[in-house]
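A.B. asks: Below, each chain spelled out in residue letters.
There are 4 protein chains.
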Amino acid sequence: MTNKIPVKNIAILTSGGDAPGMNAAIRSCTLAALHFGHNVYGFLHGFKGLLNNEFTALAEQDVRDIIHYGGTILKSARCPEFLDENKQQLAAENLTKLHIDALIVIGGDGSFCGMLALAEYYKGQLIALPGTIDNDVDGTDHTIGFATAVNTAIDAIDKIRDTADAFERVFVVEVMGRHSGFLALNIGIASGAEQVLTFENFQNPGVELQNIAEHIKLCKEKRGASSYLIVAAENLWPQGVEQLCIDLQAYANITCTPCILGYIQRGGSPVAKDRIMATKMGVAAVNAINADKSMIMIGEISGSINEIKITQAVKHKKQVNGELLMAQNSILDIAELAKINKL
Amino acid sequence: MTNKIPVKNIAILTSGGDAPGMNAAIRSCTLAALHFGHNVYGFLHGFKGLLNNEFTALAEQDVRDIIHYGGTILKSARCPEFLDENKQQLAAENLTKLHIDALIVIGGDGSFCGMLALAEYYKGQLIALPGTIDNDVDGTDHTIGFATAVNTAIDAIDKIRDTADAFERVFVVEVMGRHSGFLALNIGIASGAEQVLTFENFQNPGVELQNIAEHIKLCKEKRGASSYLIVAAENLWPQGVEQLCIDLQAYANITCTPCILGYIQRGGSPVAKDRIMATKMGVAAVNAINADKSMIMIGEISGSINEIKITQAVKHKKQVNGELLMAQNSILDIAELAKINKL
Amino acid sequence: MTNKIPVKNIAILTSGGDAPGMNAAIRSCTLAALHFGHNVYGFLHGFKGLLNNEFTALAEQDVRDIIHYGGTILKSARCPEFLDENKQQLAAENLTKLHIDALIVIGGDGSFCGMLALAEYYKGQLIALPGTIDNDVDGTDHTIGFATAVNTAIDAIDKIRDTADAFERVFVVEVMGRHSGFLALNIGIASGAEQVLTFENFQNPGVELQNIAEHIKLCKEKRGASSYLIVAAENLWPQGVEQLCIDLQAYANITCTPCILGYIQRGGSPVAKDRIMATKMGVAAVNAINADKSMIMIGEISGSINEIKITQAVKHKKQVNGELLMAQNSILDIAELAKINKL
Amino acid sequence: MTNKIPVKNIAILTSGGDAPGMNAAIRSCTLAALHFGHNVYGFLHGFKGLLNNEFTALAEQDVRDIIHYGGTILKSARCPEFLDENKQQLAAENLTKLHIDALIVIGGDGSFCGMLALAEYYKGQLIALPGTIDNDVDGTDHTIGFATAVNTAIDAIDKIRDTADAFERVFVVEVMGRHSGFLALNIGIASGAEQVLTFENFQNPGVELQNIAEHIKLCKEKRGASSYLIVAAENLWPQGVEQLCIDLQAYANITCTPCILGYIQRGGSPVAKDRIMATKMGVAAVNAINADKSMIMIGEISGSINEIKITQAVKHKKQVNGELLMAQNSILDIAELAKINKL
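Chain order of the listed sequences is A, E, Y and X. Residue numbering for the first sequence follows the numbering used here, beginning at 547 and increasing consecutively. Residue numbering for the second sequence follows the numbering used here, beginning at 547 and increasing consecutively. Residue numbering for the third sequence follows the numbering used here, beginning at 547 and increasing consecutively. Residue numbering for the fourth sequence follows the numbering used here, beginning at 547 and increasing consecutively.
Just so you know, these hints were derived from the structure itself, not from any lab. Careful, some of the hints might be misleading.
Pairs count within a copy or across copies, as identical chains cannot be separated in the list.
Below, in silico cross-link-like pairs of lysine-lysine (DSSO-like), each with a Cα-Cα straight-line distance of 30 Å or less [what the hints assert, rightly or not]:
#	residue 1	residue 2
1	Lys-864	Lys-766
2	Lys-763	Lys-550
3	Lys-855	Lys-766
4	Lys-763	Lys-633
5	Lys-861	Lys-839
6	Lys-633	Lys-766
7	Lys-766	Lys-550
8	Lys-863	Lys-768
9	Lys-855	Lys-768
10	Lys-550	Lys-768
11	Lys-768	Lys-633
12	Lys-863	Lys-643
13	Lys-768	Lys-669
14	Lys-864	Lys-550
15	Lys-863	Lys-633
16	Lys-669	Lys-550
17	Lys-669	Lys-766
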């Protein structure tokens, strides 16, 4: 079967925020492409590399031992100038001159928009792999890097819990996620936080302030909780979690300590889930190239490889799992509902 | 809605090999049950505790801060005497005398067989949660503990790779899994092993010995690999991986170092996947009790809660994901197929 | 020998910021005291517990399995009211009424000042153990918790390096340490940071701004560094590291990303160094009690147990190791000195 | 000052078992040497590289980002043929022909014996750095890699403790250390093991078997210990820890589970201690070369750099810290001595 596959020149680039597992995806794309006899090139610095013709050939030894490294050996970059049509055209010309038959882009929805723009001028195959810690890409249950970011955050929060317990204190931990709540909700449940503030369950600051204050008092005074952790999505509370602490002090005389986990969530050795999923997706990307497909994103739905059009991946907003929200409610609000139940 | 639910006495026990996330499941079952106003008890030492009436009431403060701990606060034990019908009857009598309306058992298929036996005599509700690092339970994509065990193993193998690289040496790493290949296959792919020996792709020792020897030589001599890692499932190679090393030396004069990861795979703080899944399953178990269900196992299929009859869970053998096997082949056997491809 | 030691009532408390290894110290004090037949009590919430008579008896099973836990099972608290002499007198009266013969305080120099105040009224033995991540206690090479905090920080910075490398970006990472540079200097060297800003090598913001800007340009432009990490001590740069980033942008048009590691540095499972040192110190504390000593702090100098008067421990400011500063200079400023060298 | 130092050609090699921190030492030697304007070369595969002229120039970018990697970028190897005087002479000739002025060897005492042999024929400077996880090198409190190996082992044993607790079982964990007890004693204390079997406190199998059996029964029956961990040095018990388990079963009907930690102890990202000490030692090695010293080993005693003759480093056997043994005894044997004390 494999001996009928025509040899192609395949290029790979990583774009947008780096995510753990991008190297595993680069490795897998490269090894699978070499497996079928293709030539493989890596463009550096995301779309910038397309404009500057910054690239390198990728051989087996370049990628053999990178599955466990965070970051991306191909570097990444923001590339606002790619919004300019002249630049999109230039990138297409560069790819064509280099006889690149297929380009694999590992990144988030911003990068996929760049691909759509590039498609206006470039006639080769374009394959997207979802790589972002935020998990905010439709057509895949998980994006590459999401699982690692969740685990990095819970390791950090497990440590913060030590201090919160020792001092019987309230902490507000801000986690990443841009404008979606996947990270906050998963991190909140996995760290056993007493409160998770995320887009999906947020009403308005006034109502929330009252709810939080009541729940803190309930937990600390009636249930004997020694500490109280709030996990909050970034970009949620007006002016951030430091302001939330100020607001809680003003509203209910509750002293909270803010913690912003920040960039540690973006790096680190990928967990097995990201390594394995990235490996499967890389193989699927090359299979799609072999099948002459284009303009698709490789995802994973229910544990199996899924292909959707890139246009769809950027159009729909993926929703968080309803069961997670339900689980959170059942776990966090014990006493009140129990009280109601007993009436 | 919730105020119509009758108050029940719910008991929990953990049985069989311990698995990271069992405590998260205990916590979730307890908090969700308290949420609905139920009373919660924990039996100690698995089925043994049923025979000896070893139990304790579980309150919120007992489980609040255990989501991140390995092991099980309820202890576990093997209980061969439970094969005796008199013992099964005794357990049922004890549960009945204590007015236990529902029993949640967190364990593997051995424990589920115990539940089937108990059901002959006990008329309360029986709910199973799949907790074992081996992932060899049907009706759920993942068992509680599996994800953590995979991650523990790849952390260990990442370290072994350091020495293998420094000495340009061949290592054979034996991982757990009893008689199924979930652990070996996932660990092998996630650690970037050059060879994965597991039940699903194993022919016979003679053929495998030849294949391994050729692949090692190919990788070391032609592809410039500095190290070569074999991940092997336990109970696979006749007389174990130490014998495999002896066999490789005898057959092809290849020196290998055997490593048996052993019990570190069973402990440790659970990764987010196990914490979240165990939390969801615990809530689902209580929901099932509220709905007067019995003799079911709570699983997770494609990210959503799934219920199957316990009888089914113990009958079928779950198969490893075909995509994983395919990914492994594409990644590991580059040069040969590339060569064929170019003919 | 041991049968001549009179039985005493020994109390333990932890005070000030919690530090990993405090539990190991509590365990060791307790086990060693029980070993000699003493009775052991733990006061809760630091000095507050002395005022409120909050205490618990400590038995072997209470401390057996806590060596690997962060935080402190005895809780900690700030206790500003202990500055009041009436409160100091009350604490002494409570201890005397309870027939406490010796009190072991695990904390930092603020806690030791509290001990000096208490000594005016309390006639029992007072033994101090240095427990703080900041390492700013004289009479001991290391304080309990310091080694763990350094390791937690370098794990975090290793992750930040991934993103810094991927984006070829400058990051400024603020680490704890109050007003001393032990954490910053050790973390800076161990994480391979290109620049360490700490009290010991700081001139003034104007000079530093120029030095940093030149060094960044040198590293990025001439030496091909893909990333540049600055580790900065907290309380060093006027208005903090966010201001430093603004200043660097204004002064030299260099874009930096600030990261404040924060409270993760205070928690987590202690590394071996803290577990072992805390264990040795706990045994030494009990030996000192057996020898009827008082008003001393147990330290470790050059790997051996050291005793100094508490009055001395709070008086002197410990200096950072000169070899570390020298090592930093040799490692960080390669090219310039090499150039001078070649003239 | 620095501009008077003559430019030299400095070579580095790593030899013997790999140890975490070797890369930090290579980095530091290289950066410090470049700092003074020297040229730096790395020989591959230890002494084998000297025989085969396998070497590479080392520039700043080769070592910039390796401080956190386990293993050794220069590879290591056993080199039994170096016992042959002709080979020693060949190595010296190769070094001389390449105009290598100084050779830094990072390794253990076997490697240092190789240096002594080489010194018979090679007239350049020879500087040793102690790199081995076993810590069995005199003239330094710690060897590079020791601290990391201890921490890797306690992380593993913390996990094993989870299972031991869940099943209330006795585990025997074998740790590395060749023929010295540094690893076993430090790991045993840091993991809170109930029993540490190491060369320094070992009498004979018969006596030990009785002691262990009595202590296990005491802990499990009288003190309510739920688990019991024995940490045993490799090469201690006749025929290994599996035999020890068989012996305990036969002698006292105690069921134990053996665990051999194995090669995970040799790899992994170095902890801060190893990174910092290796960095200091690397700078000191270059300083020693600048000062025209030779035939010395750089060590660290009491936190400060120490130089001793290589002849001495290989002659004396370093003893374990007496305080550690004392601490172990006070912690582990509580009840017995308490009983004696009360007579």
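A.B. asks: If any of the earlier hints don't hold here, list their numbers in rising order.
C.D. replies: Per hint list: 1, 3, 8, 9, 12, 13, 14 and 17 violated.
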